[in-house]
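Protein chains: 2
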Amino acid sequence: MSSSANGLINRPILASIHTDAFQHNLNRVRELAPQSKIWSVIKSRAYGHSFEAALKGLASTDGFALLSIHNAGRLREDGWQGRILLLEGLFHENEVALAEKLACDLVVHCEAQVQWLESYKPHKPMNVFLKMNTGMNRLGFKPAAYRTAFHRLHAAGYKMHHMTHFANADHVDRLPTVGSQLELFNETIEGLNAPTSLANSATILWHRNALGDWVRPGIMLYGASPTGIYADIKHAHLQAVMQLQSEIIDIQELKKGDHVGYGGRYEAPEDMRIGVVACGYADGYPRHAKDGTPVWVGDANHGNGMICPIVGRVSMDMLTIDLRQAPEAKIGSVVELWGDKVPVDEVAHMSDTIGYELLCALAQRVPVVVK
Amino acid sequence: MSSSANGLINRPILASIHTDAFQHNLNRVRELAPQSKIWSVIKSRAYGHSFEAALKGLASTDGFALLSIHNAGRLREDGWQGRILLLEGLFHENEVALAEKLACDLVVHCEAQVQWLESYKPHKPMNVFLKMNTGMNRLGFKPAAYRTAFHRLHAAGYKMHHMTHFANADHVDRLPTVGSQLELFNETIEGLNAPTSLANSATILWHRNALGDWVRPGIMLYGASPTGIYADIKHAHLQAVMQLQSEIIDIQELKKGDHVGYGGRYEAPEDMRIGVVACGYADGYPRHAKDGTPVWVGDANHGNGMICPIVGRVSMDMLTIDLRQAPEAKIGSVVELWGDKVPVDEVAHMSDTIGYELLCALAQRVPVVVK
Numbered sequence: 138m139s140s141s142a143n144g145l146i147n148r149p150i151l152a153s154i155h156t157d158a159f160q161h162n163l164n165r166v167r168e169l170a171p172q173s174k175i176w177s178v179i180k181s182r183a184y185g186h187s188f189e190a191a192l193k194g195l196a197s198t199d200g201f202a203l204l205s206i207h208n209a210g211r212l213r214e215d216g217w218q219g220r221i222l223l224l225e226g227l228f229h230e231n232e233v234a235l236a237e238k239l240a241c242d243l244v245v246h247c248e249a250q251v252q253w254l255e256s257y258k259p260h261k262p263m264n265v266f267l268k269m270n271t272g273m274n275r276l277g278f279k280p281a282a283y284r285t286a287f288h289r290l291h292a293a294g295y296k297m298h299h300m301t302h303f304a305n306a307d308h309v310d311r312l313p314t315v316g317s318q319l320e321l322f323n324e325t326i327e328g329l330n331a332p333t334s335l336a337n338s339a340t341i342l343w344h345r346n347a348l349g350d351w352v353r354p355g356i357m358l359y360g361a362s363p364t365g366i367y368a369d370i371k372h373a374h375l376q377a378v379m380q381l382q383s384e385i386i387d388i389q390e391l392k393k394g395d396h397v398g399y400g401g402r403y404e405a406p407e408d409m410r411i412g413v414v415a416c417g418y419a420d421g422y423p424r425h426a427k428d429g430t431p432v433w434v435g436d437a438n439h440g441n442g443m444i445c446p447i448v449g450r451v452s453m454d455m456l457t458i459d460l461r462q463a464p465e466a467k468i469g470s471v472v473e474l475w476g477d478k479v480p481v482d483e484v485a486h487m488s489d490t491i492g493y494e495l496l497c498a499l500a501q502r503v504p505v506v507v508k
Numbered sequence: 138m139s140s141s142a143n144g145l146i147n148r149p150i151l152a153s154i155h156t157d158a159f160q161h162n163l164n165r166v167r168e169l170a171p172q173s174k175i176w177s178v179i180k181s182r183a184y185g186h187s188f189e190a191a192l193k194g195l196a197s198t199d200g201f202a203l204l205s206i207h208n209a210g211r212l213r214e215d216g217w218q219g220r221i222l223l224l225e226g227l228f229h230e231n232e233v234a235l236a237e238k239l240a241c242d243l244v245v246h247c248e249a250q251v252q253w254l255e256s257y258k259p260h261k262p263m264n265v266f267l268k269m270n271t272g273m274n275r276l277g278f279k280p281a282a283y284r285t286a287f288h289r290l291h292a293a294g295y296k297m298h299h300m301t302h303f304a305n306a307d308h309v310d311r312l313p314t315v316g317s318q319l320e321l322f323n324e325t326i327e328g329l330n331a332p333t334s335l336a337n338s339a340t341i342l343w344h345r346n347a348l349g350d351w352v353r354p355g356i357m358l359y360g361a362s363p364t365g366i367y368a369d370i371k372h373a374h375l376q377a378v379m380q381l382q383s384e385i386i387d388i389q390e391l392k393k394g395d396h397v398g399y400g401g402r403y404e405a406p407e408d409m410r411i412g413v414v415a416c417g418y419a420d421g422y423p424r425h426a427k428d429g430t431p432v433w434v435g436d437a438n439h440g441n442g443m444i445c446p447i448v449g450r451v452s453m454d455m456l457t458i459d460l461r462q463a464p465e466a467k468i469g470s471v472v473e474l475w476g477d478k479v480p481v482d483e484v485a486h487m488s489d490t491i492g493y494e495l496l497c498a499l500a501q502r503v504p505v506v507v508k
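Sequences listed follow chains A and B, in order.
Going by the numbering used here, the first residue of the first sequence is number 138, and it counts up by one from there.
Going by the numbering used here, the first residue of the second sequence is number 138, and it counts up by one from there.
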């Protein structure tokens, strides 16, 4: 796994992107939201999976949603002819003509963006997703200002859609609730007939009264949990798309009482073997990972292996694991940091974060293979 | 700041790398370790700063230390003729000839690497830095095995150097101590005359009895603290090399009791304005950042500005800040996430990590400008 495309040699670390898992997860969205069209959210280089892999694995989507018009241009260059939604709309007025040329649908979330579109004369009607702030308090118009913005853009000839975003579709006990946001949304758009877009992954999984005409799955397409807790999606029939692998590059024989790594966080409770793995926080592995975070160690050829826990602090380029339960592990043994054997959410949970952050943080220095 | 090199437009986010600060920090290492040669550690794409910037700003170093022979090849292609140290040595036997061709110095930390070098017949003597595990328990030979490995490689014709790494040069109260590791190192190499390499940044700053012949500064070259605490380097006369900037892209007027962002973590204590900044965890900003993490907001032209604290959870592409103290802030106002106004260590500290992790995690999607 360590020969690079240019014939030089890399450290033994590799991310494999399984496009069949992408297709499987997209099919799951279709089953859960059969009446809706799908914006597959691929911002952040498809949550770290690469645009190339997303285009291949998610080719049957209705549209791709992302952030920058620069990347919309890349999708067009790569041959994507379906719809593209710019999730934060335009950042500057001088992007409008390019957005029309690239046939992008636009989110509009603030007054300046309304003015830019009013000043522009499109050659044919462009799609606008007008964003309402129903309680998330990030982007969008408050209900009192929303209808005015809608009428202005409608009058200027844009094809209008209603859009909002839920703050807590992955929680049951936080304010604002999905119910309260949905109610405010429905009240506000009353009489303004247009397609709607509401649902992120958590809504698709757990609030199927709030799907709307266009759903916007993100994290579930990548096989991870909106809550960051793997148990919450264990029975949702999603598959991990990214597998991050490395190898054991050194083994140390510790004596009882020896310390491991920076700060000496782990103290050996008995004589034991530890393995040094060529993956650290500069590869995107979380430095916050606690002792006990699962790592799979095995045999590349036969697929046999077992979970070995992290011991000691993750450093920039390496991490250390307890090999007491893996007497066959040796230098060169294959390690899965996350993938189908170790859910990325379990690593995230042991690091007080969510799978989203780990996937997006996959470092530039890690080679990616699209399968 | 948002026009990209290819003429398309990006989100308003940018990392500027100040090569004069690199040069300044390298000069500080020379002042602190005047008898030593310097390996400038530039693994992890120069801790996220790019090899290009490091080559330019650190051109007067004695050598560069990094991980993969692939990147050593890049440095040679870019014209670097000085020494290069592979900090983890070779990962596979088939790299030895290439390492010789690229004139790399090699760390040797395990038995397999000794065997590879014994089997190889170099055309001229290669430099080896033999790594001793004096208590870090990551890479290297225990003292009992060290002298044998030294003699074998010396007999095979390699130019030998002694090397170890301190686990706690940035702590005063953790085991193993610098003193205990240094004592074990000195005992073990007794009578084996060869140059030594011991000191990371924390050792250069705080343990100048343990510098050795080749120091290995990393984090201090980038103007951040080995401890992750800015106060510890405030008087060390280091300069921030990376500045991460963005802009306010939306403003929300909150009512008392309104919640902000996912999970509704922040609740407005009174009516207030918040700014939405185009930077999130998928840019490399830490999702762990707590309410109160400092962000500088100001005027790009005049440099006037002030610190505004983060309120609410950092999301993938955005974060939200309290604008109560910044009545002049508006959409388009410039924001510094870290740099010379906001030390990266202060952001790291509010996120329970260290500046190293944040610098290395700068995301691929953030454009980098070398100044």
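Incorrect hints may have been included.
[To be verified] The list that follows gives simulated cross-link-like pairs (lysine to any residue, SDA-like), each with its CA atoms no further than 20 angstroms apart:
no., chain 1, residue 1, chain 2, residue 2
1, A, Lys193, A, Glu214
2, A, Lys392, B, Ala281
3, B, Lys427, A, Asp489
4, A, Lys393, A, Gly435
5, A, Lys392, B, Glu407
6, B, Lys279, A, Glu407
7, B, Lys392, A, Asp489
8, B, Lys279, A, Asp489
9, B, Lys279, A, Lys193
10, A, Lys279, B, Leu319
11, B, Lys467, A, Arg213
12, B, Lys467, A, Ala282
13, A, Lys467, A, Arg410
14, A, Lys478, A, Met409
15, A, Lys279, B, Arg410
16, B, Lys427, B, Pro446
17, B, Lys279, A, Glu404
18, B, Lys174, B, Lys392
What the hints contain is simulated information worked out from the structure, not anything from laboratory work.
The structure displayed is predicted, hence computed values, not measured ones.
Evaluated hints:
1. A:Lys193 x A:Glu214: It holds: about 14 angstroms lies between the C-alpha atoms, which stays within 20 angstroms.
2. A:Lys392 x B:Ala281: Holds - the C-alpha atoms of Ala281 (chain B) and Lys392 (chain A) are around 14 angstroms apart, at most 20 angstroms.
3. B:Lys427 x A:Asp489: Satisfied, since the Cα-Cα distance of roughly 13 angstroms is no more than 20 angstroms.
4. A:Lys393 x A:Gly435: 26 angstroms, violated
5. A:Lys392 x B:Glu407: Roughly 58 angstroms separates the two Cα atoms, so the pair is violated.
6. B:Lys279 x A:Glu407: 18 angstroms, holds
7. B:Lys392 x A:Asp489: 30 angstroms, violated
8. B:Lys279 x A:Asp489: 35 angstroms, violated
9. B:Lys279 x A:Lys193: 49 angstroms, violated
10. A:Lys279 x B:Leu319: 64 angstroms, violated
11. B:Lys467 x A:Arg213: Cα-Cα ~34 angstroms, so violated.
12. B:Lys467 x A:Ala282: 19 angstroms, holds
13. A:Lys467 x A:Arg410: Holds, because 10 angstroms separates the two Cα atoms, which is no more than 20 angstroms.
14. A:Lys478 x A:Met409: 25 angstroms, violated
15. A:Lys279 x B:Arg410: 13 angstroms, holds
16. B:Lys427 x B:Pro446: 9 angstroms, holds
17. B:Lys279 x A:Glu404: Roughly 17 angstroms between the alpha carbons, so the hint for Lys279 (chain B) and Glu404 (chain A) holds.
18. B:Lys174 x B:Lys392: 60 angstroms, violated
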